[in-house]
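*Asks:* Residue numbers (the working numbering): 22 to 307.
Source of the hints: derived by calculation from the structure; they are not laboratory data. Be aware that one or more of the hints could be misleading.
Said to hold, decoys possible - List time: in silico DSS-like cross-link candidates among lysine-lysine, alpha-carbon distance up to 30 Å:
no.: 1; residue 1: K53; residue 2: K129
no.: 2; residue 1: K62; residue 2: K47
no.: 3; residue 1: K129; residue 2: K47
What the hints assert, rightly or not - Cβ-Cβ distance ranges computed for the label pairs, FRET-style:
no.: 4; residue 1: G198; residue 2: S72; range: 20 to 28 Å
no.: 5; residue 1: S132; residue 2: E155; range: 28 to 36 Å
no.: 6; residue 1: G194; residue 2: I228; range: 36 to 44 Å
no.: 7; residue 1: D179; residue 2: I228; range: 19 to 27 Å
no.: 8; residue 1: N252; residue 2: Y189; range: 19 to 27 Å
no.: 9; residue 1: D222; residue 2: S197; range: 20 to 28 Å
no.: 10; residue 1: N234; residue 2: S135; range: 37 to 45 Å
no.: 11; residue 1: N234; residue 2: K80; range: 14 to 22 Å
Note that beta-carbon positions come from the ideal geometry of N, C-alpha and C, so glycine has one too.
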Amino acid sequence: MSASQTLGGPSRCGRVLGPSLDKIIKNAAWRKHSHVVSSCKSTLEKLDTLSDTGLSDPKSTMLGISSSDADFVLNPILLALDSNYAKVAEPALECTFKLFSLGIVRGKIDSNKSNPTLYKIVESVCKVGGIGEEPVELAVLRVLLSAVRCPCVLIRGDCLLLVVKTCYNVYLGSLSGTIQACAKSVLAQIMLIVFTRAEEDSMDVSIKAVSVNELLEFTDKNLNEGSLLYNCQNFVSEVMNASEGVPDLKLSQPITVHDLRNGESKLSKGGQNKEVEEEEMKEGAE
Numbered sequence: 022m023s024a025s026q027t028l029g030g031p032s033r034c035g036r037v038l039g040p041s042l043d044k045i046i047k048n049a050a051w052r053k054h055s056h057v058v059s060s061c062k063s064t065l066e067k068l069d070t071l072s073d074t075g076l077s078d079p080k081s082t083m084l085g086i087s088s089s090d091a092d093f094v095l096n097p098i099l100l101a102l103d104s105n106y107a108k109v110a111e112p113a114l115e116c117t118f119k120l121f122s123l124g125i126v127r128g129k130i131d132s133n134k135s136n137p138t139l140y141k142i143v144e145s146v147c148k149v150g151g152i153g154e155e156p157v158e159l160a161v162l163r164v165l166l167s168a169v170r171c172p173c174v175l176i177r178g179d180c181l182l183l184v185v186k187t188c189y190n191v192y193l194g195s196l197s198g199t200i201q202a203c204a205k206s207v208l209a210q211i212m213l214i215v216f217t218r219a220e221e222d223s224m225d226v227s228i229k230a231v232s233v234n235e236l237l238e239f240t241d242k243n244l245n246e247g248s249l250l251y252n253c254q255n256f257v258s259e260v261m262n263a264s265e266g267v268p269d270l271k272l273s274q275p276i277t278v279h280d281l282r283n284g285e286s287k288l289s290k291g292g293q294n295k296e297v298e299e300e301e302m303k304e305g306a307e
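Could you put the whole structure together from the sequences, leaning on the hints where they help?
*Replies:* In structure tokens, the structure reads:
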């Protein structure tokens, strides 16, 4: 590699993946994680050959490269997340956060069938939270909020339920008051994002960071310390602002109102049923 060439090659995704894969290799236990190391090395070699294409592949989960290449270069991140080893998982979580916040990954994520690669990424991130280490728990919350916040990724259905469940489990399972406050704040922020987009029928909406002070004012007075509130507010605001100013943050696939509302509107469906019932009653009376 020449001195002028960055680790991971010239592509946009390579500049994010390269340093993270290198850190995973250095942190891995070579015998226990030999498959992770091997996948990282193969991917680094592959990234050196890739460059951003002018035409976007609508089927690809990553900006600037083909669908098959995207699946290949994301594989070591999946393996690292599934390693259940904090030193390997942490750089993978940091990489995943950047992929979402910089708009490099994109698409609709509903179930394992609709977008298997990105669904597996989110699913693996959620599972990592079970390691139980505070830095990992914070990193998981950071990734999940960045994924929901990303304007070029639509998380809905089963995937959204998994994200919500994970935030709730981190809140219940953590022994740290700071982690619990962050988990509650992240979950509130996620709900605000989802409902604001549904109400506006658009992914491109302005969303403010939740006020941690107001959120915890009544229910968590025992945690209402200045440093905790400050750190928690900074945590949420940092993730919310991470994608500000990044160009080309648009979903590559068209979005419908049905997608944003996460399924059929029960209200409209109920209204239709009521009309049918009224017609049946009239017919019976006649």
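*Asks:* Checking each numbered hint in turn, tell me which of them this model violates, lowest number first.
*Replies:* 1, 3, 4, 6, 9, 11
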